[in-house]
Amino acid sequence: MSADGEPSSRVAIGIAFGNSYSSIAHTTGEGKAEVIANEEGDRQIPSILAYVDGEELQGTQAKAQLVRNPKNTVAYFRDFLGQEFKSIDPSPCHQSAHPIQSGNSIAFSIRDTEAEESNNTSVSEIATRHIRVLAASAADFLGKSINSAVITVPTNFSDAQKEALSKASADAGVEVLQLISEPVAAVLAYDARTGTDPSDKTVVVADIGGTRTDIAVVASRGGIYTILATAHDYEYSGTQLDKVLVEYFAKEFLKKNKSAEDPRNNARSLAKLTLESEAVKKALSLGGSANFSVESLSSGIDFTATINRTRYELLAGKIFAAISRLVLSVVAKAGLDPLDISDVIMSGGSSHTPRLARNMQSTFSSAAVHAPATSTEALNPSELAARGAAIQASLISDFDVEDVRESCHPVVTATAHLSTALGLLCISADEKSHGVFVPLVEAETPVPVRRSKIFPVPGAGGDVIVKLCEGTSEVISKPVEKKTKPETNGDDDDSDDDDDSEEEEEEIKEKKWKHKATIAEAAIRGVKKGAKIEVQLNIGPDLAVTMVAREVGGKGGVRGVVPAS
Amino acid sequence: MATKVLPLPVLPADWTAPKDFKVVGALSKPVTREIEAVGPHFLAHARRKRYKRTFSEDER
Ligand SMILES: Nc1ncnc2c1ncn2[C@@H]1O[C@H](COP(=O)(O)OP(=O)(O)OP(=O)(O)O)[C@@H](O)[C@H]1O
Ligand SMILES: [Mg+2]
Chain A
-2 MSADGEPSSR VAIGIAFGNS YSSIAHTTGE GKAEVIANEE GDRQIPSILA
48 YVDGEELQGT QAKAQLVRNP KNTVAYFRDF LGQEFKSIDP SPCHQSAHPI
98 QSGNSIAFSI RDTEAEESNN TSVSEIATRH IRVLAASAAD FLGKSINSAV
148 ITVPTNFSDA QKEALSKASA DAGVEVLQLI SEPVAAVLAY DARTGTDPSD
198 KTVVVADIGG TRTDIAVVAS RGGIYTILAT AHDYEYSGTQ LDKVLVEYFA
248 KEFLKKNKSA EDPRNNARSL AKLTLESEAV KKALSLGGSA NFSVESLSSG
298 IDFTATINRT RYELLAGKIF AAISRLVLSV VAKAGLDPLD ISDVIMSGGS
348 SHTPRLARNM QSTFSSAAVH APATSTEALN PSELAARGAA IQASLISDFD
398 VEDVRESCHP VVTATAHLST ALGLLCISAD EKSHGVFVPL VEAETPVPVR
448 RSKIFPVPGA GGDVIVKLCE GTSEVISKPV EKKTKPETNG DDDDSDDDDD
498 SEEEEEEIKE KKWKHKATIA EAAIRGVKKG AKIEVQLNIG PDLAVTMVAR
548 EVGGKGGVRG VVPAS
Chain B
2 MATKVLPLPV LPADWTAPKD FKVVGALSKP VTREIEAVGP HFLAHARRKR
52 YKRTFSEDER
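Chains A and B, in that order, give the protein sequences.
Numbering follows this note's numbering, in which position 221 of the first sequence is assigned residue number 218; successive positions increment by one, without gaps.
Counting the second sequence from 1 gives a position; this note's numbering is that position plus 1.
None of these hints come from the bench; they were simulated from the model.
Mixed in with the good hints there might be a few duds.
Capping the alpha-carbon separation at 27 Å, the derived lysine-lysine pairs in DSSO-like fashion look like this [as the list claims (entries may be wrong)]:
hint, chain 1, residue 1, chain 2, residue 2
1, A, Lys526, A, Lys464
2, A, Lys513, B, Lys20
3, B, Lys5, A, Lys506
4, A, Lys525, A, Lys464
5, B, Lys50, A, Lys529
Far from chain B, some chain A residues (derived; all Cβ distances over 10 Å) [unchecked claim]:
hint, residue
6, Lys83
7, Pro87
8, Arg129
9, Ala136
10, Asp137
11, Ser163
12, Asp188
13, His229
14, Glu258
15, Asn263
16, Ser286
17, Arg308
18, Ala365
19, Asp460
20, Lys464
21, Glu467
Here the structure is a predicted model, which is why all the values come from computation and not from measurement.
We treat Cβ as the ideally placed atom computed from N, Cα and C, and that holds for glycine.
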């Protein structure tokens, strides 16, 4: 390994490299993640390279070449890395350089030098050039050259794709310290913000991008992440939303200009229409209406038009509904009910769309939906992957790459997880005869784990029993109780002000814990009136449970072990 | 949603056990899954696993 690879000389950044856009991020001296703007001021840098008389353009400048010079403009190439030609879907490249077969990999035939003839430039080489420019932008900002990175990848990236990406990056002089999965990077970006120990959560990450939508259900237990289920969709994402507007504006144009050529039938017109439709779509995430304006759209005719958000949401309704269905299907695949989800993290550029976030809020009524439209505290969905990557880069930049590789090995990562929640049986306020299960350790928690909780004792104190149990949850439907008095309190700042026109239903669903089996019992005797009992569970790697229960501030207590079975 | 922690039950009068603790069951079978090698808490987990340390040994 070169001297550059030594931790001491390392300058590492986080890179999110998507098919549509890329972002670069670093962590500040205080450990805060920050996305870097490139020389053009972009934080979302189109993953596009274009060549004009041998000069290389990247990002927004390259994207503009989709109109003038599409044959020498390479876009939507990330997923092609490490793939064989026969297994890719080339359709995202309709309006740019087409991928071709080259040996057993993929290339683009482009004029990327001053010479007249075209070169078959491999997708790997394209990725290298793109990463080189990204690293140069980061170096420009940080004032020192970049030699390593953590890069995010989809959860369904194959080993061959990962290898190809690592190699492409290394060829750009950027050693990949670790590839981390996109949804986990998004969860980390949120967790790192609070600085406190993260609480146990079951999170849906909805990453709605340009050419793909990726959903993951992630169990987060004590800040350790386990992916429970995933799904990938290439049909309902940002590009399709652009197409909805392309169709709409093309028709509007033809209504007003009956004899003009259909802009969808001319490559240059279609490129202009597509670029402007994307801009309109983004504007509709912020405002109630947006203007479309293209000079010489077709047959030399300029076209301007306005669309409001309601109309757009109607036109795109099918796509929004399909995304909601996809998310629900992944939750079911994880064996969970929507009420088990505590957080929905909206990631990817299309997650700026207010309607998509609101739909998530009605689908997951009991969850916090982290998106600009549903929470004032949300992070920018377009930045989550890059931020997470930067945080991970700062965590591991002192490590030898070998050590990082070792800790990613299944020997370390394959871990036993509790299949059933573990907790105590407590007295319920209303159902006196039955106890109520109170979880201390949720299902899907990896071991070893340690948890403790403080419990009150019944009124007079005396002798109490600590019943260690397994519990399962079930979702029950309850008829809605009509409230006689309107609630006046509980109106906190960040509550959604336009409580959507959600129809009031006859029943509401509720998650309830059920006692499944008792594992152990302990007695705490002579407890003072009003005292509290602290119960600590320590579950070892072999699943032996050590329980310690004692009166807070008191002496002694009871310690017992449930041996591994 | 109730966030108040409920009280522990009263010990039945006839309950006895040596050292006031008894095992009456066993945990359900666990599932093996891969945890993600990401974040500060994973690094702590990996360190404990590697050096075979317990939580309290690790904190020292
Ligand atoms: N403010 C916004 N409102 C709506 N859509 C947006 C907004 N900003 C970006 N987008 C859309 O998000 C998509 C890009 O998402 P992202 O930046 O996550 O790209 P990506 O990960 O490279 O995508 P993929 O790999 O799926 O092609 C584009 O379709 C873009 O138009
Ligand atoms: Mg993406």
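### Query
Hint numbers the structure violates, sorted upward?
When the structure is compared with the hints, numbers 5, 12, 19, 20 and 21 turn out to be violated.
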